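Line by line, the protein sequences are chains H and Y. Counting along the first sequence from 1, when you hit position 136 you're at 136 in the working numbering, and nothing is skipped either side. Counting along the second sequence from 1, when you hit position 94 you're at 94 in the working numbering, and nothing is skipped either side.
Keep in mind the hints are simulated off the structure, nothing from the lab. Being a predicted model, the structure only gives us computed values, none of them experimental. C-beta atoms are modelled at their ideal positions from N, C-alpha and C, and glycine is treated no differently. Keep in mind that a hint or two might mislead.
[Said to hold, decoys possible] To spell it out: a stretch of chain Y is covered by chain H in this simulated footprint if at least three of its residues, at any positions, have a beta carbon under 8 Å from a beta carbon of chain H; those stretches are:
#1 113-123
#2 189-200
#3 220-232
#4 235-248
[What the hints assert, rightly or not] Some but not every residue of chain H turned toward chain Y, in silico, with C-beta under 7 Å:
#5 Q140
#6 V143
#7 L146
#8 G147
#9 E266
#10 L273
#11 I319
#12 F321
#13 G322
#14 I325
#15 V338
#16 R341
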Amino acid sequence: MSSDTLSPAPKTQAPTVRPRPWTRFRAWVFEVPALQVLVVLALAAWLVITIPAIANPRSITSILVITSLLALAAMGQTLVVILGGLDLAAPGYILFGTFMAANVAGKLGVPAVVALLITVVVCGGVGALIGWICHRFAVQPLVVTLGTGAAITGATLFLADGDYSSAPPEALRSLASLRGTTLGLPFPPIILIVLLCGVGMWLFLNRTAAGRRFYATGINFRAAQLARVRTAAVWTMVFAASGALAGVAGIFIASFGAGWSQTIGEPYLFSGLAAVLVGGSIFGSIRGSYTRTLLGALTLTLLSTIIVSNGLTEAQSRIVFGVIILAVVSLYGRERHVRDRF
Amino acid sequence: MNRVLPLFQRWPFAFALLLALVLLVLNLIVSPSFLSPARLPGTLATLAPFVLVGFASTPSILAGGIDISVGPLATFSNCLFVAILIPAGLGNWHLAAPIILAVAAGIGALNGILVAVVRLHPVVATTGMLFLLVGLSLTIAQNPVAAPNNWTEVFAGGIGIVPGALLTIGVAGLIWFALRRTAFVSNLLATGESDVSAYGSGVNIKAIRILAYTLGGLFAGIAGIALTAIVQSSQSSLASTYALLGLAAAVLGGTSLAGGRGGLLGALFGAVSIYLLQQLLTASGVAPSLIQFAYGAVLVVGVVLGATLLAPRLKRNAS
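Looking at chain H on its own, in the form it has when it is part of the complex (with noise of 0.2 Å):
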């Protein structure tokens, strides 16, 4: 965070008094993900430490590629958290990136490039129609995403006609695959694909103008319009984006599974809203980045790694999660008291 015009000001009341070791410490603590490496490093060494057996490289692989898929499937849902809203569509979103990989691209033999670009306009424009829509008439965005993403589930279950035995083409499974290879490497390309998402999406979001525009919005809606912001471009693009990462983050999990089902994009809904929350992205917040969901998703991941390893089931472990997100927003997302907000 080098660019100052969006860090809270008051810290740098009086210059020439430096603030106490202390504080400081706790502001750079908020500021970077700490915590969260923290967490995920002590995780990891719990995992290595009770079952010493995980540390080979096929285990390592597909935690890896486990975390890749929520992360991407995260990514959009970022976007619109720290935009102050929650996309609701994303299991629509998931479930038609599903069906263009395993169906159209798997059964019907269309390209999967043509796939894929079909995906990212269908998903991003419903994005962006349903970004215009909260933005012109000032709807909030959980309702309208709710409606479209039932509306899209509807649509591609319509056009799926009830096949769901389809799987996507060797092209896409070797993406996603725990086999996979990535220029000569032992990993699939996946994990290296999320990797080049994160880092492109730190520098945009802190290196380039348009990624401040989109922070601002964020933060203070009127402020950003006041300031010429264009806000209905700013709201219209996220979640434009928001829609077109979700599908594509639908082609790899179908990639992934080689297969797909009616109900495979809502696990990611509220399993990526907790990637993003663990992660520490607060609504409409500075304190929001993709690094974070990163650091997220590789949390939730190795915790549900350990809880089923020590024989606990699914279901114990979305006890914990929901444990851990209620823990760690309180830890540091706490809002104002309302007589601070006068």
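Please build the complex by placing chain Y on the supplied structure of chain H, with the hints as guidance.
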């Protein structure tokens, strides 16, 4: 037209009421026996969980927050009753009903404390609670457990000529009606409209918020009982279906997500509209996938209409 618009703007639920009436007429055209006395108790019993989950979503939205954990709370109440209370011999109505309602209200209160005292964002707090409740329901009853004969069957059938579902909906309605006689509801609406102004006017917004979420939890508990009445087994898998349905019903009924505007009547008509839409399309032989499409489309159109044409003039440029 000039006379009609102000009417819609005066009553937030008018649009949902109109939609429900149109859909009811269409339903009667497609299947004339839709309202026959023989079918009525069954129809109302299937409708009751929709309506009650819609009710449960409303108080927290009115307080300017949101509660996405009411659907899972309803299914959790259902699992709690079928998989724990009945096997433990606590299945009598005078034991089970208070326990279910107390647990549900307690979980609602916990949500309220997380939002009002710990000051978490409402979406965050209730998402965490949603995970907890879904996990708990799955832990209690991974697979559906069939319920033996029990008192909830009354709510699926009828008591004399009164359909049982009217009781569950009626109890929730009566609670709200009674609360409207107190200062609670006006304070709730004031808090939702602007928590800063309400706080400045001396409203104890912490208590109001906690009470709002508690009330939502209580309604979700009643929804759990109504759900048990029709499914007569534990259905932990229904959690995600109901999670967003209640929200849709409340919002379609004209309750503003910004808070401070709307009420239980809106949620009632919203839920009835969604239910009638599904019934109509099913009866006309439309594929289930297209029903979902239509539901989504109606939701988006309803919300946009509510925010533009039907919104009160004063508020149109507010946000």
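I'd like to know which numbered hints this structure contradicts. Please list them from smallest to largest. 3
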